[in-house]
Each structure stands twice: as C-alpha cells, then as structure tokens.
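As they're listed, the protein sequences go chains Y and L. For the first sequence, position 85 (counting from the first letter as 1) is numbered 87 according to the working numbering, and the numbering increases by one without interruption. For the second sequence, position 230 (counting from the first letter as 1) is numbered 478 according to the working numbering, and the numbering increases by one without interruption.
Take these hints with a grain of salt, some might be off.
Derived contacts from chain L toward chain Y, CB cut-off under 10 angstroms, selection only [stated by the list, open to error]:
| # | residue |
| --- | --- |
| 1 | ASN361 |
| 2 | LEU362 |
| 3 | LEU367 |
| 4 | GLN369 |
Hints were generated in silico from the structure; no laboratory data involved. Note that the structure is predicted; figures quoted are calculated from it, not measured. Each residue gets a CB set at the ideal place from its N, CA and C atoms; glycine is no exception.
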Amino acid sequence: MNKTTPALRKIAKRLILFEWPSVASSASAAASEDPVIERLRPRLRRLMGHGGTRALLARALIMASSEAPWLSAAFVTANGDLEGFERLKSEIAPTTFLEGRVIFLAQLLGLLVTFIGPTLTSGLVGEIWPHIALKERDFGTEQ
Amino acid sequence: MKKPNETAGSRRPERRRTGPDKVKIRLLSTGVRGFDEILGGGLPEFSFNLIGGAPGSGKTTLVHQFAFANATPERPALYFTVLGEPVIKMLRYQQQFSFFDEAKVGTAVRFINLSDLVLEQKLDAVLEEIIAQVTATNAGVVVLDSFRTLVRKVAIVLGELEVQAFIHRLAQFLSGSEVTAFLVGEYVEEEVRDDPLFTMVDGIFWLSQVTERNSVVRKLQVMKLRGQPSVPGLHTVSITGDGLQAFSRTLGLDTTPAKSSHRKRLSVGVPELDAMLGGGILEGDSVLVAGPSGTGKSALATQFIAEGLRHGEPGIMAIFEERPPSYTQRADGFGLKLGAAEKHGTLEVLYLRPLDLSVDETMQAILDAIQRVGAKRLVIDSLVGFEMALAPGFRTDFRESLYRMIGALTGAGITILSTVEVEDNFTSLQFSHYAISFLTDDIIRLRYVEIDGQLRKAMVIIKMRGGNHSKDIREYVITETGVTVIPPRHTDYSKLSTGIPRRSGPRRAQEDESPPEPKATVLGA
Chain Y
3 MNKTTPALRK
13 IAKRLILFEW
23 PSVASSASAA
33 ASEDPVIERL
43 RPRLRRLMGH
53 GGTRALLARA
63 LIMASSEAPW
73 LSAAFVTANG
83 DLEGFERLKS
93 EIAPTTFLEG
103 RVIFLAQLLG
113 LLVTFIGPTL
123 TSGLVGEIWP
133 HIALKERDFG
143 TEQ
Chain L
249 MKKPNETAGS
259 RRPERRRTGP
269 DKVKIRLLST
279 GVRGFDEILG
289 GGLPEFSFNL
299 IGGAPGSGKT
309 TLVHQFAFAN
319 ATPERPALYF
329 TVLGEPVIKM
339 LRYQQQFSFF
349 DEAKVGTAVR
359 FINLSDLVLE
369 QKLDAVLEEI
379 IAQVTATNAG
389 VVVLDSFRTL
399 VRKVAIVLGE
409 LEVQAFIHRL
419 AQFLSGSEVT
429 AFLVGEYVEE
439 EVRDDPLFTM
449 VDGIFWLSQV
459 TERNSVVRKL
469 QVMKLRGQPS
479 VPGLHTVSIT
489 GDGLQAFSRT
499 LGLDTTPAKS
509 SHRKRLSVGV
519 PELDAMLGGG
529 ILEGDSVLVA
539 GPSGTGKSAL
549 ATQFIAEGLR
559 HGEPGIMAIF
569 EERPPSYTQR
579 ADGFGLKLGA
589 AEKHGTLEVL
599 YLRPLDLSVD
609 ETMQAILDAI
619 QRVGAKRLVI
629 DSLVGFEMAL
639 APGFRTDFRE
649 SLYRMIGALT
659 GAGITILSTV
669 EVEDNFTSLQ
679 FSHYAISFLT
689 DDIIRLRYVE
699 IDGQLRKAMV
709 IIKMRGGNHS
719 KDIREYVITE
729 TGVTVIPPRH
739 TDYSKLSTGI
749 PRRSGPRRAQ
759 EDESPPEPKA
769 TVLGA
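Please model the complete structure; the sequences and the hints are all you need to start from.
So, in structure tokens, the structure goes:
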C-alpha cells in the first residue's frame with residue numbers, strides 16, 4: 003500500500019522546501035495553499051482531467067493517513083481542493099506538519115510512479131521544476 | 249524484389265514524383281511496419297484522417313506509433329483525449345510498446361485531456377483549447393481520441409447542427425494549420441454512409457477483429473485515401489511488443505516474373521536425381537516434393553539445402569512439423585553439417601508453429617529470414633504443417649498468399665523446395681491435397697511400392713517446366729547419407745505408380761540380385 007520510498011520522500015521534501023520554505027514556520031502562508039500541489043495540479047488535470055486529479059489526491063491522502071493518522075482530518079473537496087490543513091497546522095508541531103506534507107506528496111509521486119512509471123513521473127516533475135536537479139533513478143520503486 | 253524486411257518507421261519520408269506544375273505532397277512514414285506500403289509510400293502530410301474500428305482493434309496504438317515516429321520538439325504531436333481512455337492510462341499501457349519513447353513525452357509528444365470541457369458541454373471552449381494549443385506549440389500532428397464519443401455526447405445536448413458546425417470549424421482550422429490530423433473513434437461501418445464526417449476527411453483507416461472458431465483475426469483496410477493509390481483490400485494486422493504491424497496483401501513484393509533466360513541448374517544433392525531432372529533444378533524454380541509419411545521428403549529437403557550451402561548458397565528452412573534440434577540432428581546423421589552453417593549465418597532454420605499465426609505473418613518471417621541471410625534456397629517443410637499452423641480464419645487465404653510469395657521469390661531467383669504429405673491409396677497417384685501444382689514448376693513424387701514382398705520406395709519426376717526430364721520411375725533408399733537413388737533393377741513390372749506393380753511378362757531367368765534393403769528374417773523359419 004505504501005507507495006513512498008526514502009528517495010521519493012527526499013524529492014518531496016526538496017520540492018516542498020523549494021516552493022514553500024516557510025512551511026515549517028508559524029509565519030507561513032495559509033496551509034491549504036500548498037504551492038507544490040498547485041503547480042502540479044494543472045499538469046495532473048491535463049493528464050487525468052479534474053475528476054482523475056481529485057481521485058489521485060484523495061488516494062494519496064488516504065495512503066498518507068495510514069502513516070500520519072492526523073492527516074485523516076484533511077480531505078479533498080469536490081473541486082479538488084485540499085481542505086483541513088489550515089486547522090491542522092495550528093494544532094500540530096511545525097516539524098510534524100512538514101513531515102506530514104512530505105509523506106502526502108511522496109505518496110502522490112509514488113502513485114504517479116505506479117501508474118506511469120519512474121521515467122514519465124521524473125519527466126513530469128522535471129518539466130515543472132527544471133531547475134531542481136533530480137535523478138530519474140530516485141523515482142524508482144525500490145524500497 | 250523489394251526488401252521484404254524494410255521497416256517503414258526507419259525510412260526517410262519520400263517525395264512523390266509529380267509534374268512540374270503539381271503540388272508536391274510529402275509522404276510521412278507511419279511508424280507502422282508494412283502500413284506505408286499499403287498506403288502507397290506513406291501518409292500524405294497535412295492530411296485529415298479518421299481511424300475507425302471497434303474497441304481493442306488497435307486504433308490508439310496505431311496513432312501513437314504515428315505520433316512518436318513523426319513528432320519533434322519543434323513540430324510536436326498533440327494528443328487530445330476526450331471522454332475515452334484517460335491520458336494517464338494511455339501512458340501506462342502505451343509505454344509498454346517499444347516505439348514509445350519516454351524522452352519525447354511532454355516535449356515532442358504532448359497529451360492534453362479535454363474531458364472536463366466536454367463534460368461542461370463547452371464545444372466552443374473545446375475548439376478554442378485545440379486552436380490555442382496547436383497555435384502555441386506549432387504542432388505538426390494532432391490527434392483527437394475518441395472523437396466519436398465527443399460528437400455523440402455533444403450531439404445529444406446541443407444538437408446535430410451544432411456538432412456539424414464544430415467539425416467543420418475544426419477541419420478548417422486543422423487544414424489551414426499545416427498539421428497532419430487524426431480523429432480516432434469507435435465507429436461502426438454503417439456510419440460511413442450517413443455521417444458527413446466521412447466525406448470531409450482525406451483518409452479513412454479501418455481496423456477490425458473477427459473471431460473465427462478459437463482465433464482472432466485482425467484486419468486493416470484503407471477505405472479512403474485522397475490523392476494516391478493504396479493497396480486495396482483487407483490486410484492482416486498483428487499487435488506485438490513493437491506495436492501494430494501491418495502485412496500488405498502483396499507482402500510488399502513485386503510479383504512480376506523476372507526469371508533470367510540463362511538459369512543455371514542446381515544440384516539437389518542426389519546425383520541420380522539431378523540426372524533425372526536433366527542436370528538439376530533450374531535456379532528460381534519452385535519444386536514440390538510430394539509423398540506419404542516416411543518417404544524421405546524432409547531428408548531430400550535437407551540434402552537440397554546442404555548442397556546449396558556446399559556451393560556457397562545460403563538457405564532458409566521453414567519447418568512446421570519438427571523442432572529445429574531434431575531436424576538438424578537428422579541432418580548431422582546424414583553427414584550434413586547444418587549446425588555449422590547456422591553458426592556462420594548462412595542458414596536459418598525457422599520453426600513456425602505457434603497457433604493463430606496469420607499466413608502473412610508467417611510469410612513475413614520467412615521473407616525477413618531470406619533477407620537476413622541472403623538466401624538462394626528456401627525449403628518449406630511442409631505445406632500441410634504450414635497450413636495447420638495458421639489460425640482457421642487464415643487458412644482460406646493460404647493458397648492465395650502462398651502463390652504471391654512463391655511467385656515473388658522465384659521471380660527474384662530464389663529456388664524453393666516445398667514438401668507436401670499425400671496418402672498413397674494404391675489406386676492412383678496423387679500429387680497433393682491442394683490444387684497447388686500451378687504454384688510449382690517441378691513436381692517430384694515419392695511413393696511406396698510393393699515389390700517382392702517388400703514395401704519399397706520409388707520416385708518419379710511428374711513435371712518440369714523448364715525442360716525435359718526422365719520419365720523413369722526409380723527406386724530409392726534412405727541410407728546414412730540420405731536419399732539415394734539405386735540403379736535400375738532387372739525386374740519387369742508395370743503399374744508401379746499404383747503402388748501394387750504387376751509383373752509384365754513371364755518371369756525371366758536373371759542373375760541373383762539382392763534386394764536393395766535386406767528382407768526381414770522370420771524367426772524359426
């Protein structure tokens with residue numbers, strides 16, 4: 003069930019810290035405005051449509067919740083938005099919150115790897131973040 | 249002969265030769281092996297095409313092959329999906345094919361999901377999105393998959409007129425944008441008559457699959473192609489790890505006979521039989537060796553190939569009944585070292601037995617092997633096995649396809665020896681179950697005859713198109729060196745061809761002559 007690997011988590015953390023350096027600080031932007039997901043979303047919608055993207059995000063959230071149970075308080079709305087993080091951020095330690103977002107993003111990337119393979123997932127991420135050097139092999143599924 | 253294994257995808261686009269005042273239409277390679285030949289050289293650039301057929305017939309794979317073969321980052325292929333297979337699934341499955349180049353995804357080949365716009369019934373927005381994407385990316389190839397789902401969905405809500413207006417505007421835009429476009433849809437053949445879309449497009453390519461008994465036969469038809477002649481009819485298609493492969497009904501072969509008037513005689517590897525054949529088989533002949541089981545057809549075929557190898561003539565043995573190891577082991581037993589020739593690349597033993605093979609796939613495999621080794625001699629052992637290896641639905645095409653292949657190969661100077669098993673019924677002399685004698689220049693008939701209480705073997709040359717031949721019925725044996733024709737014996741028999749000869753006249757005193765093979769001894773006698 004777990005789609006993440008240590009390498010995928012590293013990638014997820016790099017992307018989050020690149021886009022959202024203040025995620026672990028109390029002075030961050032609204033927690034629901036996850037800039038990594040927002041940048042991924044148009045590409046995902048192009049690939050899967052609105053419904054497919056919503057399903058993928060919801061699936062990643064469910065899987066992440068099994069590892070970080072506090073994430074189960076968050077949910078994906080009918081519009082495909084992530085809700086519930088705003089409240090959670092105020093209740094959870096910043097480092098724990100960051101870790102939860104990393105798990106969630108890593109699960110999302112892991113799902114993409116499952117569906118379209120490491121090469122295409124790596125290519126998709128590389129298109130969005132061309133300046134972040136990522137190795138294709140890190141998207142592999144070895145645990 | 250055209251190179252039979254020339255891969256369409258690897259060919260450079262051709263320019264059609266036209267007069268000075270005619271527009272030059274560049275032909276694009278489809279990336280589908282065999283399809284370019286069927287199309288008459290390739291797909292016209294900037295054409296507006298429709299790929300129709302039932303689900304699972306290979307439409308999406310075919311258009312992916314075209315996209316990957318032709319897309320470049322400068323002129324990318326835009327693949328719009330509409331209410332059909334989601335892009336993510338398409339990527340998941342299409343990447344399993346060898347033509348799928350991951351490096352091209354996102355740059356040269358781009359996938360765009362239009363389902364949301366269609367679900368919102370915004371037909372204008374769909375068109376605007378297509379126009380915006382094509383314009384922004386300078387696309388060279390545009391695919392809409394599944395177009396039928398799009399128009400059916402929208403027609404229900406907005407009406408037929410709105411849909412026709414959309415199609416018209418789309419066609420106008422794509423035609424004026426220098427793109428080669430494909431509309432992909434699960435159409436049924438009845439729709440071709442009624443839907444004006446079919447008159448609008450430049451090309452209609454139809455994929456189908458027909459179930460017959462336990463096999464599935466895939467076919468491709470070029471129903472329409474503006475501006476160039478294509479090969480008519482239904483062509484066999486197979487889907488393998490390389491994607492679709494089409495087999496032109498003509499197999500891409502030039503069937504015009506081109507036999508030289510000065511053809512040399514080729515030894516069969518049996519000196520006495522060569523003599524019976526007037527010095528050997530004429531180069532470029534098709535020889536049929538017919539006989540019942542155990543008469544040495546395969547042995548003779550092996551000797552024919554081995555003799556060619558001895559003279560520096562590479563060969564192909566397409567075998568359908570025995571596995572290659574036992575075939576080569578028997579040859580080794582005759583002292584014919586086929587294994588060494590295989591290692592040197594001058595001989596290929598093709599074992600073609602899988603069920604559901606199409607006759608065209610089988611023949612393509614033979615043609616590819618001929619091309620690989622530069623074969624001068626070909627053995628097909630046997631025609632009965634060949635036919636049995638085919639899916640039932642293909643058997644009706646067997647003789648027609650065989651005729652094309654034999655005609656083309658012999659025309660190119662390749663000498664073919666085919667075997668066929670026939671039953672000896674001891675009342676007549678059959679050549680074959682098939683009416684295939686028209687395929688062959690020469691027929692050698694092997695049969696059993698009962699002489700002096702023994703079931704012996706005799707051969708006769710029935711027919712030889714290229715010249716005179718011995719009319720003798722000659723006895724032969726199979727020894728440790730293979731088929732050996734033995735000297736005429738001093739016995740007078742008639743009706744040898746029936747298998748039950750009759751002594752013709754009184755028994756004459758003759759020298760003691762031992763039979764060619766020892767008689768079985770009876771214990772206690």
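Each hint, compared with the structure:
1. The beta carbon of ASN361 (chain L) comes within 5 angstroms of a beta carbon in chain Y, closer than 10 angstroms, and the hint placing it at the interface holds.
2. Because the smallest distance between the Cβ of LEU362 (chain L) and any Cβ of chain Y comes to about 8 angstroms, under 10 angstroms, the interface hint for this residue holds.
3. For LEU367 (chain L), the interface hint holds, since its Cβ comes within 10 angstroms of a Cβ in chain Y; the closest pair sits about 8 angstroms apart.
4. Checking GLN369 (chain L) against chain Y by beta carbon gives a least distance of about 14 angstroms; that is not within 10 angstroms, so the hint is violated.
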